[in-house]
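Student: Since the structure of chain A is already known, use the hints to place chain B on it.
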Amino acid sequence: MPLLQIRELTHWFGGLRAVYDFNLELEEGELVGLIGPNGAGKTTIFNLVTGAYRPTEGTVQLNGNDLVGLRPHRITAKGIARTFQTIRLWNDLTVMDNICIAHASRIQYSLVDSILRVRRYREEERQIKQQAIELLAVFDLADQVQELAKNLPYGAQRRVEIARALATEPRVLLLDEPAAGMNPGEIEELMELIQQIRKEFGLTIWIIEHQMRVIMNICERIKVIDFGKTIAEGTPMEIQNNPRVIEAYLGEEVF
Amino acid sequence: MRKFYLPLAVLLIFVVVIGGSWLRIFNEYWQLVLLFMGINIILTVSLNLINGYMGEFSVGHAGFMAVGAYVTGILTVWLFAEDKVFGPPVLPTAWAIPLFPVALLIGAIAASLVGLLIAIPSFRTRGDYLAIVTLAVNYIVKSAIENMEVIGGPRGFVGMKRVMNNMADVLDVPWLLIWTFIGIIVTILIIRNFVSTTFGKGVEAIREDEIAAELMSVNTRRVKITAFMLSCGLAGLAGGLFAHWPGGYVNPGTFTILKSTEVMVMVYLGGMGSISGSIISAIGFTLLLEVLRPLGVFKWVVIPLLLVVMMLLRPTGILGNRELTDVIPRLRAVFGSEEESYALATD
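First to last, the sequence lines map onto chains A and B.
Taken in order, the first sequence gives residues 1 to 255; the numbers are from our numbering.
Taken in order, the second sequence gives residues 1001 to 1347; the numbers are from our numbering.
Okay, chain B solo, but in the shape it has when bound:
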């Protein structure tokens, strides 16, 4: 019976968030905050796989997000909306509803392929190499987009609003929030399931001692590339969702190193190697950004200061490498999975 509690809790949140948005109990501003929260959760949990579980240092997550955002955005506009560049929609506009997740998936795959391109050369050696390469990739992606006039260059790419409007014309529900919610669930399931398999635990062995991992039969190169592609693909998913935000545009200026840093901050704030920590910190950080909005530019003075204080008081982040169920055992009793109870039984 109790294995249904967690899905039930998730369903409850889904009903509150989506129902509340649908019935306009949450106004448009709060819906936007919820959307950014969701996108930040996906970004943070996915980057945690590399920077937290694997202990490598990827600093260009926004670059992969940009790939997903542009690929998905261009795809939906080309297929489902009237556009100056692409002309009339290729497919009937109502098809956007069932095919939207496919576009998201393609954006994610594109981002993970870019990840593969980088992973092959940069995982030959260990250390700061990946940081330098991902930093470069972040800039390359941004500059490449800025120089492609077809997709708007530095002014950005528009048209996604028409796609969303077309979807709302058929059935008026908060489509983007629904897909973001599903995206979060998929992300958490993929990362959680990956790091708890014997194959995926290889990433932690690599963090602890890579040479020992390789000598103890872990194919370290394969594990690292797999993890990196998963992480980049999920960043692409976040980007694809972000491209359809109510603002209706994406521009390369969004996907700068500042955005990457923001994601890294959320990872370290939540705790390296903790999925629940990442979720908590993504929610908290998004709210913090909103609370401090009246400060304008000074926000970027206050937030780093808060970070410094946080690092002094709790250097491991909110949860360290533990999960919420480790910190509050009662939660495990209610929501714990069968495997965890198996582990407890064998204690």
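Next comes chain A alone, as it looks inside the complex:
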């Protein structure tokens, strides 16, 4: 059984069909890319899968459990985490808090425990902090733990966002254009980072990206959509030579 199974996903914004009959099966441990021209509906698909929008039709299943209709925090708790196309950190909070808050779904102590500061509460908070520090070390952010998120350089903010997604302990990680706005050197580091966390955390990764270098280098399988419809699917090699993909990206040949 695939880890994430999306069937016949369709979404309408009023009279606009943003996604039409989208199907995908993600096997455990895969790294799959989703590409398409601007406005093709890529981010909409992520929003549908994570529960930000409720799909008009179709099903999304994680490990056989239905996700459609659940509120986003429940879906995240079940094991799907994401990053955002434009960075959405909690800017006025420290890097540490940004990571710790993402543990929210696993908090065991009650409100009364936390206000009375009982041992159970202290123990749990200590563990959360410890895990956050370990996670930040993986992302080379150990020195910026107490820094406000907004004060970090762009590349570091991207890393914090990925770290925050991992703090929710996901099985599937959705990356929405992680390389946007990065220079070639940073892109190189990002690709290494993705490979590294994939191994270290045993993740299944699904990535949207415009930088073909990233997609072609790290993905095993690519899906191409245009106007909400799937137009091609295959290995990086197959996609590069697919005439429909070239047409979608470069426009119809006039000659």
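Rather than coming from a laboratory, the hints here were simulated on the basis of the structure.
The beta-carbon is built from N, C-alpha and C at its ideal position, and this holds for glycine as well.
Where hints are given, some of them may not hold.
Quick partial rundown of chain B residues pointing at chain A, CB under 10 Å, derived from the structure [what the hints assert, rightly or not]:
(1) R1162
(2) I1190
(3) N1193
(4) S1196
(5) F1199
(6) G1200
(7) E1208
(8) D1209
(9) V1218
(10) T1261
(11) E1262
(12) P1315
(13) I1318
(14) N1321
(15) E1323
(16) L1324
Tutor: For chain B alone, kept in the frame of chain A given last:
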């Protein structure tokens, strides 16, 4: 050793305030000012959770205060005092001393339940919705009280003075100031402890980016409702204390939108998301009201003007979103908690 400094400082203030009032070093006027100061601290710190930490906009804090004031007031008068409406006291009057905090608690719970009633529909969407709903609730509570003849209607509810006198007959200490002082400590502890937990920090994540918070596994609806109920409950506590002030009466005219605005002003003056800022501004604002009392109605010309000047010079309020210990690091060295020193050690 140094973890005892803060409790010691609090104890010292307690001894000065309560001892001074007991020995009549502070006359009745100053005791009243101290009482209002305390009630304003509770109101300001509790509203700061919603308007400061969470970044929502609640404008009806006086409505929840009214619920607490009437519930607690009616309860103590019914239980511990001879009254025209309720007849002879239900319980021996001396029981008022141990059961007074229970009455306060019940008033607070009533206020927080009213808060829950409002939170459920208004937190489905974000934005100005809560402002409109809380504004409406402030008016609804006031009108409802005005139309209940049993509890005095627009003339107000009396009888709390007899409760306080009964308590003083048994043991003559400034009971109300003592409970107000304890109320302040409880309020500060609840709010401070709440916003420093991982669960409670969810309110700040909601302020910063609610959609990201929900997608990063924060149950935003639950966090918002919890915070709102805490805030409303503490406003109810402030109301319950206020109902027993030496004037001996409460009337719906006290709990108008003007009172709510006053609390909001204190929150913004002190700094959104700063507990120590709220305390400083509640103390300062209460004193300012007293200093300007000779001006009569013109007080309400001078105070808004001062506010405008303040906002021009320091738009973030006295402390912004920092605490006193962040502004004066030496204080942290003396009073800082273990956790803070842990945070410093990991820097």
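Student: Looking at the structure, which of the earlier hints fail to hold?
Tutor: 1, 10, 11, 12, 13, 15, 16
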